[in-house]
Amino acid sequence: MIPHTFEAWKSCIINDCKIDLTLEFAQKRLSVYTDKNNAETKKFAALYGEQHLYNVITWLNMVLNQGQR
Amino acid sequence: MQNNAIVKSWHSGQDMSVLNSIHLFDVNVSIYERDISKLEAELQYLLEQGIDFRSSGSTSDILNALKEEVQSNGNGVLQDIRVLLECFRDLSKLDSFRLFLATVQSDMCRRFHTDMNDLRLLCTYCGPGTLWLDEGNVNREALTALEPNEKIVIDESKIKQASAGDVLVLKGEVYPGMNAKAVVHRSPSIKSNSTKRLILRIDTN
Chain A
1 MIPHTFEAWK
11 SCIINDCKID
21 LTLEFAQKRL
31 SVYTDKNNAE
41 TKKFAALYGE
51 QHLYNVITWL
61 NMVLNQGQR
Chain B
1 MQNNAIVKSW
11 HSGQDMSVLN
21 SIHLFDVNVS
31 IYERDISKLE
41 AELQYLLEQG
51 IDFRSSGSTS
61 DILNALKEEV
71 QSNGNGVLQD
81 IRVLLECFRD
91 LSKLDSFRLF
101 LATVQSDMCR
111 RFHTDMNDLR
121 LLCTYCGPGT
131 LWLDEGNVNR
141 EALTALEPNE
151 KIVIDESKIK
161 QASAGDVLVL
171 KGEVYPGMNA
181 KAVVHRSPSI
191 KSNSTKRLIL
201 RIDTN
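Chains as they are written, first to last, in the working numbering: chain A, 1 to 69; chain B, 1 to 205.
Keep in mind that the hints were calculated from the coordinates and are not lab data. Do not rely on the hints blindly, as some may be mistaken.
Claimed, not checked - Derived DSS-like pairs (lysine-lysine); straight-line CA-CA distance at most 25 Å:
1) B:Lys191 - A:Lys10
2) B:Lys151 - B:Lys196
3) B:Lys8 - B:Lys67
4) A:Lys10 - A:Lys42
5) B:Lys93 - A:Lys43
6) B:Lys93 - A:Lys28
7) A:Lys18 - B:Lys67
8) A:Lys18 - B:Lys8
9) A:Lys42 - B:Lys191
10) B:Lys151 - A:Lys43
11) A:Lys28 - B:Lys196
12) A:Lys36 - B:Lys191
13) A:Lys18 - B:Lys191
14) B:Lys67 - A:Lys42
15) A:Lys43 - B:Lys196
16) A:Lys10 - B:Lys93
17) B:Lys160 - B:Lys191
18) A:Lys28 - A:Lys18
What the hints assert, rightly or not - Covered stretches of chain A (chain B as the covering partner; in silico rule of three or more C-beta atoms under 8 Å from a C-beta of chain B):
19) 11-17
20) 41-51
Unchecked claim - Derived DEER-like restraints, expressed as beta-carbon distance ranges:
21) A:Asp20 - B:Lys8: 33 to 41 Å
22) A:Asp16 - B:Pro176: 34 to 42 Å
23) B:Gly57 - A:Val32: 31 to 39 Å
24) A:Ser31 - B:Asn179: 35 to 43 Å
25) A:Ala8 - B:Glu48: 27 to 35 Å
26) A:Asp16 - B:Thr144: 19 to 27 Å
27) B:Ser96 - A:Ile14: 17 to 25 Å
Bear in mind the structure is a predicted one, so any value in this text is a computation, not a measurement. Here a beta-carbon is modelled for each residue, glycine too, at the ideal position from N, C-alpha and C.
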């Protein structure tokens with residue numbers, strides 16, 4: 001149920017959650033998840049684990065890189 | 001002495017003011033039950049048209065953009081969303097939102113989950129509504145361990161479901177305050193029976 005690949009995660013965000021994976025969205029999420037002291041980041045890591053947090057940061061960066069090409 | 005009193009994790013009522021109860025510590029979903037039959041013709045039109053509207057910004061930014069999308073067949077839905085958006089603004093005490101109004105024909109999030117946000121407003125205008133769990137019916141350990149629905153739900157017969165038109169305000173994982181428990185919920189399955197849903201979702205931005 002927890003996505004393990006970029007494509008699966010992207011599908012989860014776009015198709016299941018119906019959220020537009022825009023650059024603005026990716027930037028906003030990254031500013032939260034790269035701040036280890038942010039309460040939301042701590043909660044996310046507690047719920048889904050450090051590995052998933054790391055994966056999501058990587059995938060959000062991929063969205064930014066793809067958009068900026 | 002141990003306190004074994006069962007605290008109700010949800011409040012519902014037929015007056016919009018019931019939504020204010022979301023800020024009570026033990027409450028994680030508030031439900032405003034209402035009759036939306038006067039909007040039926042407009043809603044059916046939007047449902048069949050396959051609307052997919054997304055907008056973010058202030059309430060006025062969103063409403064201005066929404067006008068273009070929904071006014072062709074009447075003002076009722078626009079006015080309804082205006083009231084709900086303003087209500088959500090007052091509840092959240094924030095001024096920037098993301099709004100999603102769409103006809104949905106596929107399953108959305110099928111696993112029981114909590115949202116990584118503070119508050120969310122949901123209204124299923126047409127079709128089956130959101131499924132949610134009373135706190136007493138959740139196995140939080142299974143939820144945290146990412147177990148399947150069968151393990152998360154203690155008693156399947158006690159899964160609750162919103163009706164079309166109901167307005168739900170859901171508490172999420174980052175709702176401010178000590179140890180507030182986010183409501184566990186999921187979207188209904190619709191793909192197998194070709195049902196359509198018309199849903200409104202408002203998040204803080």
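Structure-based check of all given hints:
For the suggested pair B:Lys191 and A:Lys10, the alpha carbons sit about 20 Å apart, so the restraint of at most 25 Å is met. This hinted pair does not check out: B:Lys151 and B:Lys196 have alpha carbons roughly 28 Å apart, beyond 25 Å. With a C-alpha separation of about 39 Å, the suggested pair B:Lys8 and B:Lys67 falls outside the 25 Å cut-off, and the hint is violated. Taking the CA atoms of A:Lys10 and A:Lys42, the gap is about 22 Å. The hint holds against a cut of 25 Å.
Among the hinted pairs, B:Lys93 with A:Lys43 is consistent with the structure: their alpha-carbon atoms are about 22 Å apart, no more than 25 Å. Between B:Lys93 and A:Lys28, the direct Cα distance comes to roughly 20 Å. Compliance with the 25 Å bound is thereby established for this hinted pair. For the suggested pair A:Lys18 and B:Lys67, the alpha carbons sit about 21 Å apart, so the restraint of at most 25 Å is met. Annotation: proposed proximity of A:Lys18 to B:Lys8 is violated, straight-line Cα distance about 31 Å (limit 25 Å).
For the hint pairing A:Lys42 with B:Lys191, the CA-to-CA distance comes to about 35 Å; that exceeds 25 Å, so the pair is violated. This hinted pair checks out: B:Lys151 and A:Lys43 have alpha carbons roughly 22 Å apart, not beyond 25 Å. Between A:Lys28 and B:Lys196 the CA atoms are separated by roughly 32 Å; this puts the pair beyond 25 Å, and the hint is violated. A hinted pair counts as satisfied when its Cα atoms are at most 25 Å apart, and A:Lys36 with B:Lys191 does not qualify at roughly 39 Å.
In summary, the hint linking A:Lys18 to B:Lys191 is supported, as the alpha carbons are separated by about 15 Å, within the 25 Å threshold. For the hint pairing B:Lys67 with A:Lys42, the CA-to-CA distance comes to about 39 Å; that exceeds 25 Å, so the pair is violated. At roughly 34 Å between alpha-carbon atoms, A:Lys43 and B:Lys196 are farther apart than 25 Å, so this suggested pair is violated. About 31 Å separates the Cα atoms of A:Lys10 and B:Lys93, which puts this hinted pair outside 25 Å; it is violated.
This hinted pair checks out: B:Lys160 and B:Lys191 have alpha carbons roughly 20 Å apart, not beyond 25 Å. At roughly 17 Å between alpha-carbon atoms, A:Lys28 and A:Lys18 fall within 25 Å of each other, so this suggested pair holds. For a cut-off of 8 Å, the count of residues in the segment 11-17 of chain A with a CB near a CB of chain B stands at 3, and the three-residue condition holds. Given a C-beta distance limit of less than 8 Å, the hint that chain B covers the segment 41-51 of chain A holds, as 4 residues qualify and 3 suffice.
At about 36 Å, the CB distance of A:Asp20 to B:Lys8 agrees with the hint of 33 to 41 Å. Remark: the range hint 34 to 42 Å for A:Asp16 to B:Pro176 is contradicted by a beta-carbon distance near 27 Å. Checked against the given bound of 31 to 39 Å, the beta carbons of B:Gly57 and A:Val32, roughly 19 Å apart, lie outside it. For the hinted restraint 35 to 43 Å between A:Ser31 and B:Asn179, the CB-CB distance of approximately 25 Å leaves it violated.
Distance hint check for A:Ala8 and B:Glu48: the Cβ-Cβ separation is about 32 Å, which falls inside the suggested range of 27 to 35 Å. At roughly 20 Å, the beta carbons of A:Asp16 and B:Thr144 sit within the given window of 19 to 27 Å. Range check, B:Ser96 to A:Ile14: Cβ separation about 22 Å, and the 17 to 25 Å hint holds.
Hint check: violations occur at hints 2, 3, 8, 9, 11, 12, 14, 15, 16, 22, 23 and 24; the rest are consistent with the structure.
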